[in-house]
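Student: Here is what each chain is made of, one letter per residue.
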Amino acid sequence: MTWQPVIGLEIHVQLKTQTKMFCRCENIWGEGENTRTCPVCLAHPGALPVPNGRAVEWTVKLGLALDCQIADRVLFHRKNYFYPDLPKGYQISQYDQPLCVGGALTVPRPDGDIRVGIVRAHLEEDAAKTVHVGGEAGRIHGADTSLVDFNRGGIPLVEIVTEPDLHSAADVKSFLQLLRQTVVELSISDAEMEKGSLRCDANVSVRPEGDPALRTKTELKNMNSFAFVARGIDAEVSRQIDVYESGGEVGPQTLHFDPQSGSLSPLRTKEEAHDYRYFPEPDLLAIEPSEELVERMRAELVELPGARIRRLADEVGFELAEGLVTSGRDALYGEVAGDRRGVANVIMNQLAGASVPPDSVNPKELSALIAARERIPRSAFDEAIQKTGDPDFSAEPYVSQESLADADSLAPIIEAVIADNPSQVEAYRGGKEGLLGYLVGQVIKATQGSADPRVVNHLLREKLTPLG
Amino acid sequence: MLHLARLARLEIPEAELERVQEQLGAILEAVGKVAELDLADVEPTSHPLYVVNVWDEDNIRPSLSREAALANAPDATDGAFRVPAVG
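These protein sequence lines map, in sequence, to chains A and B. Using the working numbering, read the first sequence as starting at 1 and increasing by one per residue. Using the working numbering, read the second sequence as starting at 1 and increasing by one per residue.
In isolation and in its complexed conformation, chain B is listed as follows (with noise of 0.2 Å):
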């Protein structure tokens, strides 16, 4: 559990721990029920569209200016977003 949370970047608060857990465990049940069938013929769904080959031409559209793509950055320098270091 902590350990998704961790990947997922969500912080629980110790007191929620269960809930959420209980919470989850609803879900995979939920989803554990398709399991119960016999789908030995069925192809894995990926994707509820019957359509396939869905694709652009390679031609260059406007990308938008530095100063629009930097606007929402909590931190930005020379054109540049800054972000905690990473190594």
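Isolated chain A (complex conformation) (with noise of 0.2 Å):
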């Protein structure tokens, strides 16, 4: 049987106001623990709650965005749990009128586009951040503690929620990394996974292909890079085939993906979790988004990385189209002339491997140097591609050196090599070709990297291919 894995997603986005979501402590990351906190964020009694206006407005502009509808009338609700990232009992957050509903982003795909559905996108506050401490402290005090930072707890959080239209690893892959340059274009999240700003956490099932009902759905959390959500989504679909096929019968779980052994873990769930009596909170008035408020945020949309990823698939190809544009260096890609393929390659391979800021460099510099990239020396290249984001690069030393192709002065280089090589000779001439790549390695090596390679090919070949 074939079986089809079914996916949603729930994805959190940490907006980068200048200050928390519900008073006006600084949101910043990284600083020292507990240096940014106040009476309303560490709950004490009779702190009242102040909402950020930024953050309701990115919050549209986002919904925009994504194709949702603007709600009238949006409600703040409290949802009730004991847990020590929450001083209040309770997170403020939307529950039955949310900001925004019914929206879709349309990934592009190598075999066409799909068309992931948006049940809804929310705001709400984040929570503080708790170190777990075993070891040393642990056996001081007898037992295991947590530390908690109230840094974060406030931060204003977008919960984005998808519906079930994902079908593979690669699909929820593609859709992430096209929310996240979303987000980012839209200049309201660093949505840095390894940072925490960007998490997500993947409802997974999977379901007899063509089978229209859905099966029993399990929730892997707090997934931190993209790899691991498409390896733990991956890992979790094989498991619930394996159930089914074996007999058996998924259950609703919360699970755990570790990366290092590969494996499911179920999570201990925060207690009683699915029962937080949600209710209107009573220290907020309720928002009703003006038509002047949502018109300021349309008219601050600009195009969406989605279609710029269809529109570059047919110059280079869909691979190369969707990591320019989702690692934001397809606005470079379109000022550098040249071979569209030749250009996109260089950019997404020797640039982005040199982790070059895309807009530190200058265009017209790099197209001088992608121009004379056949015929200068490797090593020429590389180097200038190293320093393509120096303020004053210029690409003029650069290609002005030739490549040393003439056959006298690298033929006692060549000779050389041959006599160093006694065995991998020996071996290319008995049949073994590939060996002729590491000895054209060591001449362009011994040259320091001026060498042409395909000059050196050529000789090296001639050389070694007995006569007659």
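In case anyone wonders, no lab produced these hints; they're calculated from the structure. Each hint can be trusted.
Derived DSBU-like pairs (lysine-lysine); straight-line CA-CA distance at most 35 Å:
| # | chain 1 | residue 1 | chain 2 | residue 2 |
| --- | --- | --- | --- | --- |
| 1 | A | K217 | A | K195 |
| 2 | A | K88 | A | K129 |
| 3 | B | K33 | A | K79 |
| 4 | A | K79 | A | K195 |
| 5 | B | K33 | A | K88 |
| 6 | A | K221 | A | K129 |
The two chains are supplied separately, each in an independent frame; assemble them into the complex guided by the hints.
Tutor: Here you go:
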């Protein structure tokens, strides 16, 4: 039987406002623990929340980018549970009247677009950060403890819930990368998974291909990179298929993916977590987004990355197009002259590999460098790539270098390499063609990278193949 | 009853269970009176004030010092609140 994975996502995005959601403590990452707190975000008795107007606006803007309806009337609710990361005993969130509902994000894939429905996008506050401490501290105090940093508590968080419209880990990865790039281009979040400013939970089930009914889903929690999300989903999909094929039933579960071992383990859930007893937050008034606000946000939208991937895929193929757009390098690509696929390759491989920030590159100089790529020594090209981000970078000193392509100058070097590698030479003559590449490499190395690989290849082949 | 008490982290001695249950029942009954009215045309009231869109500009105000923040913590270490392990 063929099984179809069915995947829906819950994504949390931290907004990069200046201040927190319900107080004006600074919203900042990586500062000393508990240096950005106040009576509101520490839940001192009597402290009252005041919403961050910019966070409301930005959530509307994101909702519009995701083609959502912006609700006429929006309420904040209290979501009640006890946990040390939540000093009030509840999280202020949105429940049955969220800010944005019913949208979609269209994701280009190699075999056509997929439309991923957006159920809702709502605004809430982040919980504090807890760090589990075991080891020495645990032994001294007789038990393990957790340390709580409330700097993160109260940072504006948008939760985006998708329809179960994704059917493979690769779909999920493309969707997430596109959503991330959308959020980054809206300038509302850094959306960095490693820093936790973009987080993803996945609801996963499988069903026989063609069967419309949905089966029991499990929830994969807090996978903190695109690669882990994909691997976690793959692992869970195979696990569920194994369960069904051996006659079992999949039960509802919350699972944690361990990237080290590749295994899935049930997560200890927040106690009674399903019983949140939502009720309207009495300390906050309703929000009724005005037409003026919605239109002002709509006017700030620019061409979204999905459309650009589709456009570029015609020029350079899907994979390079997706890479350029979702890494924010397509603007540079557009400004650099030259063979389209060649330019895309240099930007996505060499330039990205050298971690050169795309904004720092002068497109004219990069165009000149790429135009000379075949003619100049490999070492000069590589060195130039490393420096393309320097403010005063000029391609001129590199493109004026010539490869060492003159047979007379190369001859003694080739002789020396042949003499130094008798066993490889013998093996090559005996039919191990692949060793030619190794010998070419040795010659190029001996010339500090200045030899033209095509000429060396030709000369070596001539030298090693007995005439007649 | 016990479930509710547990969710609210309330410890109710067994001897008082019946009394608390009665009191809670009375509250539910009182609130239930509303259900006797015909409210088909009435919007749910989430707030007694007819005021909307009250929010603040996104401008930083000073936070508490770390010392002040941690002053009421039963246990603190390395600049953080220390709590029993939560795994």
